[in-house]
Each structure stands twice: as C-alpha cells, then as structure tokens.
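Enquirer: Mapping to this note's numbering: the sequence shown position 467 is 466, numbers consecutive.
Take these hints with a grain of salt, some might be off.
Said to hold, decoys possible - The following label-pair restraints were derived from C-beta to C-beta distances:
id, residue 1, residue 2, range
1, Pro329, Glu145, 20 to 30 Å
2, Asp87, Arg62, 26 to 36 Å
3, Asp364, Gly22, 46 to 56 Å
4, Arg21, Phe268, 31 to 41 Å
Unchecked claim - Cut-off 27 Å, straight-line C-alpha distance, at most; resulting in silico cross-link-like pairs (DSS-like, lysine-lysine):
id, residue 1, residue 2
5, Lys445, Lys253
6, Lys309, Lys362
7, Lys310, Lys253
8, Lys309, Lys456
9, Lys480, Lys362
10, Lys253, Lys456
11, Lys445, Lys456
Derived from the structure by calculation, the hints contain no laboratory data. All figures in this text were calculated on a predicted structure; none of them were measured in a lab. Even glycine gets a Cβ: it sits at the ideal position worked out from N, Cα and C.
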Amino acid sequence: MIFVGVDIGTSGLKLGAVDAERGEFLGWAEARYELIHPQAGWSELPGPRYLEAFEQALGELGRRIDLSRVGGVCVSGQGQSFVPVDRDGRCLQNAWTWIDGRAEAEGRELTQRFGREEIFQRIGMDELYSGHLASMLLYLRRRHAEVFERAHQFLHVSALLIRHLTGEAFWDANVAAMAGLYDWREERWWQPMLEALEISPERLPAVVPSGQVVGRVSREAAGRTGLPATAAVVTGANDQTANAVGAGIDDDEKILVVLGTALIGFKMFTAGGLPAAQGFHGICSVYPVPGASYQLGYTNSGCGAFDWCKKLLADELSYEQVFERIAGVPVGSDGAAMLIDLDGRAWPNNARYRGAVAGLSRKTDRWAMLRAAAEGVGFATRELIELLGWELGGRAVRVVGGAARSDVWARMIADILDAPLERLGHEQSGVAGSAIMAAVATGAFKDYAEASSRLVKLAGRFEPDPQRAEAYRRLYENFLKLRRSGDLYYQS
C-alpha cells in the first residue's frame, strides 16, 4: 500500500509517497508559490493557492505512481500561517504566514500580560511572537474587526487542506500548542488566552494527536484529485516536526538541522528531559512518537537569503553552476560577510531586524558575495545551535533541506560547525515523515521505530577539515561582532 505525505512549506508545497510493503520512498513533487509582501515585514498568500498547489503537485506525482493504491494521506504544515474562513470554508482574506511581522506589538502585549513562565508551562515557548496565531488574532480583532466577526473558524493552512479533503477541519496537538492557544501538557484549550482574544473554542478546529485518522477523502475531493475515496486522511504536525520523523530522530542523542527557507534546529527529549523556562530558547511541544517531547529553535531567514542573493546576482545560472564558482572563492569570501536576517530575527525576537553585508572592497565580486551568503547560512546555523544550548562535542548533525543537497555547501557547514554532517538518502524528510505518520496511523507499521528502520536511510557523511574548521572558528568570532552591530542598530 502507498502512503502520501504532504509538507506545506513557506515557499512551496511538497508531497511524496512511500511504499510500506517494499520499504521504499517512491518520489516527490512540488508546486511553488510566491509570497506577497504588501509592506516591509508583512508576508501573505491567498488561501486557495495552497489548495491549488496541493492538486498541482499531486497531479504531477500521479503521473509517476498509481494513486488508486493510496491508503492514506497525512497533512503537515508550516508554522503558524493561518486564514479566517466562513461557514462554507471560503477564505475571507489572504493567509498571513508565520514570518509575518505585523503583530509584533500584540505579541509583546500578550507576553507581558501572561508572563514568560506561565506561557512556557502552557504552550512550551517563553514568549509570543508576531507570527504566532494568538498575536495575529489579537491584531485581526483590533484592526480588521469585520473580518474577525465574519469568520466562522480560524484555520492553519494544514487544517484548511484537511477540510478541503474531508469536509471538516482538524488541528493536530503539535500545531495547536504552537498557536499559543492550546495547553499541550493538559491536552485542552488554554482558556485564559481564549478569553483574552475574545474567541470561543467553537471558532477553532477540534484538536487531536499527530498521526491520527480524522476521516476519509470525500467523493468530491476524490473526483478532483484522483485519490480513492477509501483513503484515510491523517493529522500531521508542524512541518519541522514532520521533518524530524522523516529524518529518523528517535532518541535524545540525535540532532537535526533543517537547511530550508528558514533554519531549524530539532532535538527529541524523553519524558522529563525538557529544559527549564529560564534562559530557554526555542519551542517545546509534543512529539508524534508516544511519550516524547522535543525542543525546536528557528531563524526567520535561512537558505532563502541565499536564494534571494542568487536571484539578484546570478539568476541566469543553475545552483550547481553557482556552487562550482563559489567553491573557488577562498574561505572567508575575500573579506565579505553577511547577516542573512531578511525577514527579521526570531531569537531574540525582533521583527524589524534586517540583513546586512560588511567587508566589501573593490576586490569583491558576485561570487564572493554569493559565498558570503552561503557562509552566512552556516554561521547562523552555528549561532542557533549555541542559542539552544546543545553541545555538539564532535557528534554528527543530521541535515535536510536545500543546502544539504550541495556537496560544496554541506562541506562548508561541516567546517563551520566543526562537526560531521549526515545526509539522508531521500531528499524530502518532511513529506517522508508525514507519509510515515500516515502509515503508522493506518497500521501498516506497528510503531515509528519499525517505520524508521524500514524507510529512513543515510546516503552521505561530510567530515570537517581541521584547517578550514580553525579558519571558520576565527571568522565566526567576526560574525558575532557583526551580529552585535546589527543588534545595536535594530535594538527594540
């Protein structure tokens, strides 16, 4: 039987399929979309575009596999991107994505009202940010009262797609907690927060665990997509949690770094192993593996900053051609250095923070600039791991995402971290993780350990070069100086 996993990302929707009986990843497809930025720091997309992207990507995948063999579809989705809908499921405005910064003041207000300790105990993060649903709902209520009042439900984009497939919206507990509205430890709505936002639970989808069957593909959806009406629809998780499942993160020793549009650090904890709130960076929440939780940290910008730089400087070339050229630029990019924060900074939270370039000279050419962007992603990855308090101690870091597919970039980041990098045998851990959740939910595998052993395979390992690692250690100190300058310039 075949299982399809969906990963609704920031800049595109990906889906892929696994054959549970053969233990094989069958392939994946993607539909890209272009975010809308009405103002600096704002980030939107029409809600129907996510649904169109799903059907477009599924149509492409259906040309390579037999969709009639699909036994289940699991939907995972990006951060806190949400859209208000009416009773018929029609979107009342554009979806606001998780990197949208318009509700920064509301996030600070809610954090001050409830306090960091209380917020951490309820939802697993130490403050509320502009991109969290609680902050955005408060902004919506105050500045777009008509839309707020007309809305029948407020849906994350994963719930929007589940409704599209089954006729009813559901949230998984992982995403609901990250919204700032759901107490994941007590497994119930955080009522004081709902009261502060003046919304009732009826205006939110029902919450169920990740990896649970919530319905079947409707006849209408089956006719549109080619999926069988017998296929189960399964709740997924935050897209980065799905990445971790697809990367085989199943014990406390493994660390995952997602080198995507944003950078993500992910570590699983067994019961009682979560860090304390004081000095905490990141998000804690329930993990799909029973009895486990996790810590996640992220940046607002990541490899997307390199994409932006490439589009400006070398749009006519493929990524492979670009990396062939920047491989010839010395370590340190001939003195150029870059802060990649094009979409604000997450830790500490500052939606007004922006990227910067330093060290330019007449010697600087476009290849040095592009290498500076690639190195900037590596330095930001090291900074994130240090903020999360994880000691690498030479242990391998498992990586997924765009940068992991480039040998040049993977070696660069291994040198910057001074740690081995492990690359997965499949390119898309998010869709693989969602497909694994669908397979476990429907009984194709007895548990996640069996599914991982059958489906998660490593394909490469990159060891750090001692000389380059030492050079990057010194350059990282310079990066931190540049960071401190940026902190001063964009101080709150």
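Enquirer: Against which earlier hints does the structure fall short, listed by number upward?
Expert: Of the numbered hints given earlier, those the structure breaks are 1, 7, 8, listed in rising order.
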